[in-house]
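Build out the structure end to end from the sequences listed, making use of the hints.
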Amino acid sequence: MSLVESPLLSIRNFYKKYGDGCLFCTTDSESENPYMDGNRCLECGTVWACRNLNFDLYQGEILGIVGESGSGKSTLVKSLFFNEEPTYGEMYLASYRDGEQNVFDCSHQTKRYLQNHELGMVDQNPYHGLRMDYSSGGNIAEKLIAADYSHVGQMVERAEELLEKVEIPVARMNEPPRKFSGGMQQRVQISKALANRPPLLLLGEITTGLDLSVQARVLDLIRTIQQELKVSMIVISHDLGVIRMLTDRTLVLNQGRIVENGLTDQIMEDPQHAYTQLLVHSLL
Amino acid sequence: MKTAQEHNQSYNYAFLDEPSKREIRRKTLKAVAIPGYQVPFASRELPIARGWGTGGLQLTLSLIGDDDCVKVIDQGSDDSVNAVSIRNLVQETTNVSVTTQTEAATIIQSRHRIPEVPLTPEQVLVLQVPKPEPLRNVESSEKRTRIQHGEKNYNAMWLELYEDIVKWDHALFDADYPVMVHGRYLMAPSPIPRWDTPKLHQSSFLTLLGAGREKKIYAVPPYTDVEPLQFDDYPFQVESFNSKACTRCGSTDVFLEENTDETNGEVHYQCSDTAYCNKVLDEKGGR
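As you go down the protein sequences, you meet chains A and B in turn.
Residue 162 in the numbering used here sits at position 162 of the first sequence; the count goes up by one each step and never skips.
Here the numbering used here = 1-based position in the second sequence + 284.
Simulated from the structure, these hints should not be mistaken for laboratory data.
For every residue, glycine included, the Cβ atom is placed at its ideal position computed from N, Cα and C.
Be a bit skeptical, because a hint or two may be false.
[Claimed, not checked] Computed, partial: chain B to chain A, Cβ under 8 Å:
1) H433
2) E435
3) E511
4) F515
So this is what it looks like as structure tokens:
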């Protein structure tokens, strides 16, 4: 037995730019580049949303990614779900070819397969993650269909089981999410993401726009699910409270770079980087 | 190939000019090579309006030669105005023989039916298609449907089917029932009734589908799998006529049309495929 655990997900040299890039901004040096204003190139206007991100995620772990608006969190999570193409970078999934194939290099068809079978995503905005005109049960079934379920009875059963778990009355299963409150929509999204028991769940700013009591219930739900199912998660948030409550380990992003990386408790108690200190001290 | 002069006509053989026919044949070959994939083509102007069978007509005209015998049917009937007009146009521009008998034809252009008599490997079925994109009802953007085909991402269509079953306990897709072609492309088989859909599966004949208005050609080559979308516990079903029989020829194992007698309100059934109905009557000596 190996004592060294291999990661479920590895990201290496991940870059994402919006714009063409030019000679002035494509240099890799970490030192101050006089042609860059933060992560924006003054010469060509290219925004480097993510710059040289490297991290691993282990089985059953919850990784927090924190940073202010524009720090590259959403770009990263979109790329991990294959909704955006990275500029460069490598992504390895332990479940796909023993983690030896860079899945960013795979065909769209393979990426779609991985998205359907290995990943679950909860979007910041339920309007992006759900089909508002289809029934809630149907939204969950969509994920099941994508993961090769082909028995209506089984899918209905699974949808009922999931809705019960997220405390949505099964009687309302055939109603479209449009008729639900924001918190309920978010819970439908969570049950959809979990439907086929994917090993990795991506949660993007899931508590945005929810009031505090609803936030607490959604967070509670995620913790319960994590304890029961041992699913690995990446939680994106600008809210340190959410990060502190949910995560074991945290990356702090600023202007597209990881500025600090460590145990969540440690980062909260003893932030090293100036930006993290600012974040922690501005926590209410 | 006879020239226009030999036919003493002011237009080219089979109406379309040779380069146009060549383009359509080339696109047809591509369609045959990638079963179920919609190949874009430059739909030509014809003496009939787009949406009235121009896709099928262009396929027929590009395929036709002097040895061919053409049959044109419109919803099973050889005698409807549209079928007659298309048949006349083909005959006038090529002088090929025409027929109403399914067995005698080499090219059968059809609007929304596949003949009841099983076709043979020597015959080509040309179907007229109003809406070639099976995903259009669930995704309005052509750009996105192309990506979905590329990724073999047909979740939206399956979801539609799931919702129908949950709400109504059966699929609401009726004619033009979506099918998977050889496990790869989702295809609209043109608005043929569900009754005809299984005839495309592992068929011995070539089926070409043409959409003139939407400018797409696609094909089902012989011996290709064509499977309707279905869930394990809700299998695909063809129309049931509850053992009603055709009032003319007495057939029961055919696709029937329901007609209401306007004078006395009586409902009676008749073969949709008129050539088949006549054939059965002839065999019984009833005509």
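Results of checking the hints against the structure:
A hinted interface residue such as H433(B) counts as satisfied when its beta carbon comes closer than 8 Å to some beta carbon of chain A; here the least separation is about 11 Å, so the hint is violated. Given the 8 Å rule on beta carbons, the hint for E435(B) holds: about 4 Å separates it from the nearest Cβ of chain A. Annotation: E511(B) was flagged as interfacial toward chain A, and the flag is violated, the nearest CB pair being 12 Å apart, outside 8 Å. At a threshold of 8 Å, the smallest CB-CB gap from F515(B) to chain A is about 5 Å, leaving the interface hint in force.
The structure shown violates the earlier hints numbered 1, 3.
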